[in-house]
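Kindly produce the complete structure, drawing on both the sequences and the hints.
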Amino acid sequence: MKAYEIQKFGLEGLAMVDRPVPAPSANQVLVKMHAWSLNYRDLLTVTGRYNPRLKL
144 MKAYEIQKFG LEGLAMVDRP VPAPSANQVL VKMHAWSLNY RDLLTVTGRY NPRLKL
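Take 144 as the starting number for the sequence shown in the numbering used here and just add one per residue.
In case anyone wonders, no lab produced these hints; they're calculated from the structure. If you're wondering where the values come from, they're calculated on a predicted model, not measured in any experiment. C-beta: ideal position from N, C-alpha, C; glycine also. None of the hints are false.
FRET-style restraints, in silico, Cβ to Cβ: (1) Leu187 / Pro167: 26 to 34 Å; (2) His177 / Glu148: 18 to 26 Å; (3) Arg192 / Val172: 31 to 39 Å; (4) Arg192 / Pro167: 31 to 39 Å; (5) Arg184 / Ala158: 17 to 25 Å; (6) Asn170 / Arg192: 34 to 42 Å; (7) Pro167 / Arg196: 31 to 39 Å; (8) Thr190 / Ala169: 37 to 45 Å; (9) Asn170 / Arg196: 33 to 41 Å; (10) Ala178 / Ile149: 18 to 26 Å; (11) Thr190 / Val160: 15 to 23 Å.
What follows is the structure in structure tokens.
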């Protein structure tokens, strides 16, 4: 599956990566996504402005 991953602070550190599709556990379901977005809090986190002490 495709996933966005913050590899380092800054927009250049935001990378689309391939990850294995997780297997749902008991009483869980796997939802197939066709579209998603990054929100304003994601932008603040990746640029280091949401919580500058946050460890990546």
